[in-house]
Amino acid sequence: MSIKAKINLPGLDRAEIAEALANFGIAPKQVRMRAGQIFRWIYNYGATDWDVMTNIAKGLRAELAAAFSLERPEIVERQISVDGTRKYLIRMAPGIEVESVFIPAVSKTGALCVSSQVGCTLTCTFCHTGRQRLVRNLTAAEIALQVMVAKDDLDEWPSSEAGRKLTNIVFMGMGEPLYNTDNVARALDIICDPEGLSFGRRRITLSTSGVVPQIVPAGERTRAMLAISLHAANDELRSQIMAINKKYPLAELMAACRAYPGLSNSRRITFEYVMLKGINDSPKHAVQLINLLRGIPAKVNLIPFNPWPGSNYECSSWETIERFADKINAAGYASPIRTPRGRDILAACGQLKSESEKMRASERRKMARQNTPT
1 MSIKAKINLP
11 GLDRAEIAEA
21 LANFGIAPKQ
31 VRMRAGQIFR
41 WIYNYGATDW
51 DVMTNIAKGL
61 RAELAAAFSL
71 ERPEIVERQI
81 SVDGTRKYLI
91 RMAPGIEVES
101 VFIPAVSKTG
111 ALCVSSQVGC
121 TLTCTFCHTG
131 RQRLVRNLTA
141 AEIALQVMVA
151 KDDLDEWPSS
161 EAGRKLTNIV
171 FMGMGEPLYN
181 TDNVARALDI
191 ICDPEGLSFG
201 RRRITLSTSG
211 VVPQIVPAGE
221 RTRAMLAISL
231 HAANDELRSQ
241 IMAINKKYPL
251 AELMAACRAY
261 PGLSNSRRIT
271 FEYVMLKGIN
281 DSPKHAVQLI
291 NLLRGIPAKV
301 NLIPFNPWPG
311 SNYECSSWET
321 IERFADKINA
331 AGYASPIRTP
341 RGRDILAACG
351 QLKSESEKMR
361 ASERRKMARQ
371 NTPT
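Counting along the sequence shown from 1, when you hit position 166 you're at 166 in the numbering used here, and nothing is skipped either side.
Please keep in mind that the hints were generated in silico from the structure rather than gathered at the bench. Each hint should be verified, as a subset may be incorrect.
Stated by the list, open to error - Here are the simulated BS3-like pairs of lysine-lysine, each with C-alpha atoms no more than 27 Å apart in a straight line:
(1) K246 <-> K299
(2) K58 <-> K6
(3) K29 <-> K58
(4) K29 <-> K6
(5) K327 <-> K277
(6) K327 <-> K284
(7) K165 <-> K108
Work out the full structure, taking the sequences as your base and the hints as a guide.
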């Protein structure tokens, strides 16, 4: 006789929890109330045990425990960098592993870099994730669960409590979020619910390589902040290092940016620009970038290239990066230089790849030192 598998509730939204309870046999008049109770216990309190749900009768808790699971996905590997960055390799299902990265900030805040796909189709030449074939999109539950795993590790329950270290969510992990817009948007409904994980919409950033048809609809649906993975300001160069530019060239991309819902000086678009030695880091390239951004409320994040096994690029020198930043700043655009974080555990921008070539710690440290700006 086969045993019926339990339904796992963490990662489900209110409507899905209500449907599961209705199918289980909860009285129709109680379904909404019970779904709300369970939703709060899962997402506000981080409950992993039915016995903590003290506003549900003990007998009913036992019945629910027999039918429903509160399990988290398995953390296959957890690494902590010398700078405090934490990288998680999370197994969502057999053969389905993704990486998420918590990046602490000096100001007692921190961001979680979450993945939206297993692998990636974009093959940007400077990005390690692009070397991993696309397996599939992550579900809304699998996206929300990455946040819950990090909150478990950081001991950040309840979600409504002040002073938490995890304050921002950035879709800058594995995959292209705008190729998985529906699941990303549904995950954000859980992540941003005041009775759930309780993140403000302005604390969420969607980073896209430029999936033009989805930019405005994603803004309307999610009300999140937008980041553009740009890395070059002319079509010829951008097409060389980012194949997506051949399909959606810069003129179309910038038109979509100008139409992004809510765009203003207080809701600027962030343009990410990785600094590649001798490729995109000259004063001429800075001028092209300034001209491209004219009229758009924007800031530019300059990202020192983070090396990974087999990469053919080098990072621009620190002097070159600072000179580039000075030129952008002089044109009226903030251009902070992103401090590389988590390089020693391959957790920095562009280094994530879940089908791990596992390296000894000494090898990771050696890789981290290569091409570091001097």
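Hint by hint, here is what the structure shows:
1. Straight-line distance between C-alpha atoms of K246 and K299 comes to about 24 Å, which keeps the hinted pair within the 27 Å bound.
2. Note on K58 and K6: the hinted pairing holds, with a Cα-Cα distance of about 19 Å set against a maximum of 27 Å.
3. This hinted pair checks out: K29 and K58 have alpha carbons roughly 20 Å apart, not beyond 27 Å.
4. About 24 Å separates the Cα atoms of K29 and K6, which keeps this hinted pair within 27 Å; it holds.
5. Of the pairs offered as hints, the one joining K327 and K277 holds, with about 17 Å between alpha carbons and a cut-off of 27 Å not exceeded.
6. At roughly 10 Å between alpha-carbon atoms, K327 and K284 fall within 27 Å of each other, so this suggested pair holds.
7. With a C-alpha separation of about 6 Å, the suggested pair K165 and K108 falls inside the 27 Å cut-off, and the hint holds.
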